[in-house]
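Listed below, chain by chain, are the residues.
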Amino acid sequence: MATAYNLVLKPRRGWQPINWSEIWLNRQLLGFLIWRDIKIRYRQTIFGGLWAILQPLLAMLIFTFFFHKLSGVASDGPPYPLFAFAGLIFWTFFSNAVGMASNSLVGSQVLISKVYFPRIFIPLGSIGALLLDLIVSSLLMFAFMAYYRWPLSKNILWLPSVILGCCLAVSGLGLILSAWNVRFRDIKYAVPFFLQMGLFVTPVIYPIESVPARFRALMALNPMTGVVIAARYAFLGGSIHLDLILVSMVVSLGLFVAGLFIFRRTETQFADIV
Amino acid sequence: MEPIIKVENLSKKYELGVLGHAEDCFREALVRGLRKPWDLLSGKSQNGNGSSRPSSIWALRDINFEIYPGDTVGIIGSNGAGKSTLLKILARITDPTEGIARLRGRTGCLLEVGTGFHPELTGRENVFLNGAILGMNKAEIDSKFDEIVAFAEIDRFLDTPVKHFSSGMYLRLAFAVAAHLEPEILIVDEALAVGDMAFQKKCLAKMREFSRSGRTVLFVSHGLAALETLCRKGIVLQHGQLVFSGSANDAIKHYVGGASERRSAIASGGIDLTRAPGRSSRFRPLLKHLDLLDREGHALHQGLQVGETLRAHVLFELFEPTSLFGVTLAFDNLFGQRVLVASSSYQPDRSHEEHCGEREYVCEIPNFTLIPGEYRIQVTLSVGGGIADRVEDAACLTVIGSDFYGTGRMPTEGTCVLEQAWHLQEPAQPLSDQSSNFSQPSTPSFRALGR
Numbered sequence: 001m002a003t004a005y006n007l008v009l010k011p012r013r014g015w016q017p018i019n020w021s022e023i024w025l026n027r028q029l030l031g032f033l034i035w036r037d038i039k040i041r042y043r044q045t046i047f048g049g050l051w052a053i054l055q056p057l058l059a060m061l062i063f064t065f066f067f068h069k070l071s072g073v074a075s076d077g078p079p080y081p082l083f084a085f086a087g088l089i090f091w092t093f094f095s096n097a098v099g100m101a102s103n104s105l106v107g108s109q110v111l112i113s114k115v116y117f118p119r120i121f122i123p124l125g126s127i128g129a130l131l132l133d134l135i136v137s138s139l140l141m142f143a144f145m146a147y148y149r150w151p152l153s154k155n156i157l158w159l160p161s162v163i164l165g166c167c168l169a170v171s172g173l174g175l176i177l178s179a180w181n182v183r184f185r186d187i188k189y190a191v192p193f194f195l196q197m198g199l200f201v202t203p204v205i206y207p208i209e210s211v212p213a214r215f216r217a218l219m220a221l222n223p224m225t226g227v228v229i230a231a232r233y234a235f236l237g238g239s240i241h242l243d244l245i246l247v248s249m250v251v252s253l254g255l256f257v258a259g260l261f262i263f264r265r266t267e268t269q270f271a272d273i274v
Numbered sequence: 275m276e277p278i279i280k281v282e283n284l285s286k287k288y289e290l291g292v293l294g295h296a297e298d299c300f301r302e303a304l305v306r307g308l309r310k311p312w313d314l315l316s317g318k319s320q321n322g323n324g325s326s327r328p329s330s331i332w333a334l335r336d337i338n339f340e341i342y343p344g345d346t347v348g349i350i351g352s353n354g355a356g357k358s359t360l361l362k363i364l365a366r367i368t369d370p371t372e373g374i375a376r377l378r379g380r381t382g383c384l385l386e387v388g389t390g391f392h393p394e395l396t397g398r399e400n401v402f403l404n405g406a407i408l409g410m411n412k413a414e415i416d417s418k419f420d421e422i423v424a425f426a427e428i429d430r431f432l433d434t435p436v437k438h439f440s441s442g443m444y445l446r447l448a449f450a451v452a453a454h455l456e457p458e459i460l461i462v463d464e465a466l467a468v469g470d471m472a473f474q475k476k477c478l479a480k481m482r483e484f485s486r487s488g489r490t491v492l493f494v495s496h497g498l499a500a501l502e503t504l505c506r507k508g509i510v511l512q513h514g515q516l517v518f519s520g521s522a523n524d525a526i527k528h529y530v531g532g533a534s535e536r537r538s539a540i541a542s543g544g545i546d547l548t549r550a551p552g553r554s555s556r557f558r559p560l561l562k563h564l565d566l567l568d569r570e571g572h573a574l575h576q577g578l579q580v581g582e583t584l585r586a587h588v589l590f591e592l593f594e595p596t597s598l599f600g601v602t603l604a605f606d607n608l609f610g611q612r613v614l615v616a617s618s619s620y621q622p623d624r625s626h627e628e629h630c631g632e633r634e635y636v637c638e639i640p641n642f643t644l645i646p647g648e649y650r651i652q653v654t655l656s657v658g659g660g661i662a663d664r665v666e667d668a669a670c671l672t673v674i675g676s677d678f679y680g681t682g683r684m685p686t687e688g689t690c691v692l693e694q695a696w697h698l699q700e701p702a703q704p705l706s707d708q709s710s711n712f713s714q715p716s717t718p719s720f721r722a723l724g725r
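As they're listed, the protein sequences go chains A and B.
1 is the number of the first residue of the first sequence in the numbering used here; add one for each residue after it.
275 is the number of the first residue of the second sequence in the numbering used here; add one for each residue after it.
Only chain A is shown next, with the shape it has when bound in the complex (with noise of 0.2 Å):
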């Protein structure tokens, strides 16, 4: 019964392979890490899973009375809180993914440091449990344009996949700010500060028609741009900009393939320096 080995430890160094069959065997860990987030995320809160709408709720409240009734921002052809809810649930759940996920690994010390599994399965899963923020808040949007007659077309089957380009940006960020995180824990500090800048350089707040044609493709560098615009176009339809959607999916994949090979290079050494 001489089998080969099938467990070889030895030193690795430099960029490694990405392990697809070892991610996909223990695919059942990652919706048990996902499902334990979504369980203890709200406990012992008063509003529980209300927080998940809340936060973008009340900041489209706020957006629709100080930009678009006082300093008179206006949308591009719907209702000025239809158009600004529509941004803002991409955005939160990006800058909230985020936010979790380059604190995930530090926050879970204890088991990097005494059990082994895939440790991407770490950022991934709580990248995966606001999903489900994201979907409800989708639904609350459906009720809003309800609520304005806003008429849904045919343009809502492209949710799915802005839902998917979104996380490919969302994964990769989380997967190399993660990473950095262990080894320096500068990133702690600095990503919350980007995060909050990071929604002026997003088209959350105004119409991409209002920034300069020559500034657009340089704002498409921002993934998040092209998910804003395309969430827009999927919910309440309108111009679409092909060309800088192209431009944010390309970075966006970018950063995921980055985001993979980052994490395996510096995974080796997370239980050492953690």
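Simulated from the structure, these hints should not be mistaken for laboratory data.
Some hints could be false.
Said to hold, decoys possible - Chain A is faced by these chain B residues, among others (derived, beta-carbon under 10 Å):
(1) LEU364
(2) LEU377
(3) THR381
(4) GLU386
(5) THR389
(6) GLU394
(7) LYS412
(8) GLN611
Stated by the list, open to error - When the alpha-carbon atoms are kept at most 25 Å apart in a straight line, the in silico DSS-like pairs for lysine-lysine are as follows:
(9) LYS287(B) to LYS10(A)
(10) LYS418(B) to LYS437(B)
(11) LYS437(B) to LYS527(B)
(12) LYS39(A) to LYS287(B)
(13) LYS10(A) to LYS437(B)
Even for Gly, the Cβ is constructed at its ideal location relative to N, Cα and C.
Using the hints, position chain B against chain A.
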């Protein structure tokens, strides 16, 4: 038969001071990155930063062994010998620095019970979460769920968040999940057998059952008792190196025997602490010499008799004039329990003047009453409130039996013998008086008892 675990030239190096502190900051890495090209241009060498301290230690060095299917192997060694590092490499938690380890079949590693338990989740939920983290899939956990709950004896609290569990219940549930993992190779830390005595027995029985079923167990042991009862083979690690591999009994003999070499060193002119194998390279060798003598100042040849006087001379060096310094001798028995700590700081009228250069502390323990056995001595020099130098396992003291009580009887259990006086007498009060006390439940003393 082919080995199921094959370890070749396995080594692990830990960087000291580098990863823990300075480089953790982005700024440091940035500065280093910017300085690198400059240093290259100006011809400075990378390592020439003037530090004479070794910046890394080998926690494991060139370990080689093979384990065959069905073996039960115990790994023993004193603290810092590399047991945990070896376990962490085999458990895939950390990579080796050099060498290779090959394993065949499904491996289950348990370094700690309850890893991944979440206090907010209920017992039931934690069984599933913990099972998944340990590598079981949902179907497996489902099929073993009842068994796990029965083993842990917590069925009434299954739907209570584990943060409300008593620590005993928590550990029982955690071990129960781990015990129902069914790998072909089980790598376990002995610290797993936890909880109260009854449950510890249950844990050890489970491990024995596991090895009887023909599976391979690698067991890291911190004491010798469990090793004797559980393992057929043993591996002895010392200062990161494998010094013995063979049957469990021989391994124990070797481990204890290593002590006898140091014992002979005691007999012949004391121990050179600067070159002691148990010295950590983290410290400057300030502790120089240790002598263990009897009351008359003769070297201990056979060991020290119970109840005799032990005199320890510790020679050390102080680099700067200081009044805040002290020497501590800590005695561990072979089961790793610390049984005695002697420290100069316990001396009420000790010198509070400033000293500098070589000094010798003499510690006299007039009535050394630890029970017969081997004791390992750790010597520590502290200066200014911190540890300045430390030597683990500096010496091994043998305490030999004597007729301490003058009766020819000597306890073999416990940790020390103490003078005691027994006398037999007639009961002070007739029994009938006491019973009449209890027959009056209204008396205050009884009520206090009842509560």
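Hint check:
no. : hint                   : result
1   : LEU364                 : holds, 7 Å
2   : LEU377                 : holds, 4 Å
3   : THR381                 : holds, 6 Å
4   : GLU386                 : holds, 5 Å
5   : THR389                 : holds, 4 Å
6   : GLU394                 : holds, 5 Å
7   : LYS412                 : holds, 6 Å
8   : GLN611                 : violated, 25 Å
9   : LYS287(B) to LYS10(A)  : holds, 13 Å
10  : LYS418(B) to LYS437(B) : holds, 23 Å
11  : LYS437(B) to LYS527(B) : violated, 44 Å
12  : LYS39(A) to LYS287(B)  : violated, 40 Å
13  : LYS10(A) to LYS437(B)  : violated, 39 Å
The structure fails to meet hints 8, 11, 12, 13 from the earlier list, while all remaining hints are met.
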